[in-house]
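Chains as they are written, first to last, in this note's numbering: chain Z, 1 to 134; chain A, 1 to 176.
It should be emphasised that the hints constitute simulated quantities derived from the structure, not laboratory data.
Since the model is a prediction, treat every value here as computed from it, not as a measurement.
One should not assume that every hint holds.
[Unchecked claim] What follows is a set of in silico ranges between Cβ atoms, one per label pair, in the way DEER data are often shown:
1. Z:T67 / A:P88: 41 to 49 Å
2. Z:D93 / A:S118: 18 to 26 Å
3. A:P169 / Z:A56: 57 to 65 Å
4. Z:G112 / A:G31: 28 to 36 Å
5. Z:D117 / A:P88: 22 to 30 Å
6. A:M135 / Z:P119: 39 to 47 Å
7. A:V52 / Z:T67: 55 to 63 Å
8. A:A69 / Z:Q66: 42 to 50 Å
9. Z:T74 / A:Y132: 26 to 34 Å
[Claimed, not checked] Listing some non-contacts, in silico: residues in chain A with all C-beta distances to chain Z over 10 Å:
10. L12
11. K40
12. S43
13. G51
14. V53
15. T163
[What the hints assert, rightly or not] Okay, the calculated bits of chain Z under chain A, using three or more residues with CB under 8 Å as the criterion:
16. 26-36
17. 41-48
18. 95-101
19. 104-115
A virtual CB, placed ideally from N, CA and C, is assigned to each residue, including glycine.
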Amino acid sequence: MPNEEMGSRAFPQPAGIHNRAVLLVVGGFLLFVGAAIAGMLLFLNTQAPRAFTPRAERRFPSPELQTSPEADLTRFEAAQRARLTAYAWVDRDHNIASIPIDEAMQLVVGRGYQAYDAPQPAPAPPSGASGGNP
Amino acid sequence: MTARALPLLLLLSWALAGCGDHSMSQQNRYGTFSKAGLFKDGSEARALPQGVVAQGDLDRLQQISKPPAVDMALLSRGRERYDIYCSPCHGFSGQGDGMIVQRGFPAPPSYHSARLRSADAQHFFDVITHGYGAMYSYAARVEPRDRWAIVTYIRALQQSQRTDMADVPELRSKLP
Numbered sequence: 001m002p003n004e005e006m007g008s009r010a011f012p013q014p015a016g017i018h019n020r021a022v023l024l025v026v027g028g029f030l031l032f033v034g035a036a037i038a039g040m041l042l043f044l045n046t047q048a049p050r051a052f053t054p055r056a057e058r059r060f061p062s063p064e065l066q067t068s069p070e071a072d073l074t075r076f077e078a079a080q081r082a083r084l085t086a087y088a089w090v091d092r093d094h095n096i097a098s099i100p101i102d103e104a105m106q107l108v109v110g111r112g113y114q115a116y117d118a119p120q121p122a123p124a125p126p127s128g129a130s131g132g133n134p
Numbered sequence: 001m002t003a004r005a006l007p008l009l010l011l012l013s014w015a016l017a018g019c020g021d022h023s024m025s026q027q028n029r030y031g032t033f034s035k036a037g038l039f040k041d042g043s044e045a046r047a048l049p050q051g052v053v054a055q056g057d058l059d060r061l062q063q064i065s066k067p068p069a070v071d072m073a074l075l076s077r078g079r080e081r082y083d084i085y086c087s088p089c090h091g092f093s094g095q096g097d098g099m100i101v102q103r104g105f106p107a108p109p110s111y112h113s114a115r116l117r118s119a120d121a122q123h124f125f126d127v128i129t130h131g132y133g134a135m136y137s138y139a140a141r142v143e144p145r146d147r148w149a150i151v152t153y154i155r156a157l158q159q160s161q162r163t164d165m166a167d168v169p170e171l172r173s174k175l176p
């Protein structure tokens with residue numbers, strides 16, 4: 001496209017711009033920003049000196065918010081399942097122990113219909129309970 | 001060729017547009033809880049006629065009244081259902097310390113307490129069916145046969161967490 005067709009669009013701005021005025025405005029703006037930052041730093045240093053020190057981590061009492069629920073659940077389930085896979089004493093004095101759940105399931109299956117029965121009898125009612133009502 | 005095909009295409013598009021099946025959205029029926037002039041009491045909610053039962057109800061009743069035979073398949077099923085429905089509160093080992101409890105929900109009693117070790121199987125079945133305390137009913141989620149399966153698995157948990165050495169003599173060699 002020839003220059004004569006473009007007319008004034010060929011030049012983005014007129015040649016008579018006052019460069020000094022532009023520089024003054026930009027420089028004044030930068031000066032103002034710098035002064036504002038320095039003033040704010042001075043104010044905070046004198047009035048709130050702790051504003052720049054990192055805050056101490058605050059732990060809320062349990063149950064607190066979880067930062068990684070999936071990892072928490074995986075860890076929790078692993079700890080719970082560990083109880084079902086190991087041999088351990090429960091009450092050594094009375095010869096009571098815990099056994100893996102797979103072994104316990106085999107024992108229960110071996111009982112047939114008796115598997116539904118309670119593993120221990122119901123506690124006897126208090127001696128004064130019977131005959132209490134007329 | 002194009003001039004001949006155009007009317008055919010138009011006809012086809014009209015025919016396809018008429019294929020919409022509105023029977024699902026526009027049904028000739030009463031809405032739930034709406035008035036129904038067709039019946040004497042004016043209510044659309046109808047009780048089953050005398051002598052009629054819903055499909056599957058008889059099977060369900062039979063499953064409720066007669067516990068299934070105990071085998072490994074039943075226990076495995078109970079273990080799977082327990083891990084899905086019960087463990088979030090009761091914990092995998094039945095101590096009443098599931099993940100939901102860790103987050104503040106009221107703790108259910110341990111299956112290894114004296115009270116629940118002496119409770120009969122029907123008690124566990126009824127609690128699953130009707131709920132108990134903070135626990136709501138699981139009847140809609142757990143079929144009767146699966147409830148019995150869970151009950152047998154609870155018995156296995158009770159066995160696992162409290163085994164008398166007299167019942168398993170070879171246990172002593174495996175203990176730390």
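Hint check results:
1. Range check, Z:T67 to A:P88: Cβ separation about 21 Å, and the 41 to 49 Å hint is violated.
2. At roughly 21 Å, the beta carbons of Z:D93 and A:S118 sit within the given window of 18 to 26 Å.
3. At roughly 58 Å, the beta-carbon separation of A:P169 and Z:A56 lies within the given 57 to 65 Å, and the hint holds.
4. Checking the proposed 28 to 36 Å range against Z:G112 and A:G31 shows it is violated: the Cβ atoms sit about 52 Å from each other.
5. For Z:D117 paired with A:P88, a C-beta distance near 28 Å keeps the hint of 22 to 30 Å intact.
6. Here the CB-CB span from A:M135 to Z:P119 is close to 22 Å, at odds with the stated 39 to 47 Å.
7. Hint check: A:V52 to Z:T67, Cβ distance near 57 Å, so the stated range 55 to 63 Å holds.
8. Hint check: A:A69 to Z:Q66, Cβ distance near 43 Å, so the stated range 42 to 50 Å holds.
9. Taking 26 to 34 Å as the suggested C-beta distance range, the pair Z:T74 and A:Y132 conforms, at roughly 30 Å.
10. Every Cβ of chain Z is farther than 10 Å from the Cβ of A:L12; the closest lies at roughly 52 Å, confirming the non-interface assignment.
11. Listed as outside the interface, A:K40 is consistent with that label: its C-beta sits roughly 48 Å from the nearest C-beta of chain Z, beyond the 10 Å cut-off.
12. Distance check for A:S43 against chain Z: the nearest CB is about 43 Å away, which clears 10 Å, and the non-interface claim stands.
13. Listed as outside the interface, A:G51 is consistent with that label: its C-beta sits roughly 34 Å from the nearest C-beta of chain Z, beyond the 10 Å cut-off.
14. At roughly 27 Å, the least C-beta separation between A:V53 and chain Z is larger than 10 Å, which holds for a residue marked as non-interface.
15. Non-interface status of A:T163 relative to chain Z is broken: a Cβ of that chain comes within 10 Å, the nearest being about 5 Å off.
16. Counting residues of the stretch 26-36 of chain Z whose CB lies closer than 8 Å to any CB of chain A gives 0, which falls below the minimum of 3, so the coverage claim is violated.
17. Closer than 8 Å: that is the beta-carbon criterion, and the stretch 41-48 of chain Z has 0 residues meeting it against chain A, so the requirement of 3 is violated.
18. Check result for the stretch 95-101 of chain Z against chain A: holds, 7 residues qualifying (beta carbon to beta carbon below 8 Å, three or more required).
19. Under a criterion of three residues with beta carbons nearer than 8 Å to beta carbons of chain A, the stated coverage of the stretch 104-115 of chain Z is upheld, 10 such residues being counted.
Violated hints, in rising order: 1, 4, 6, 15, 16 and 17; the structure is consistent with all others.
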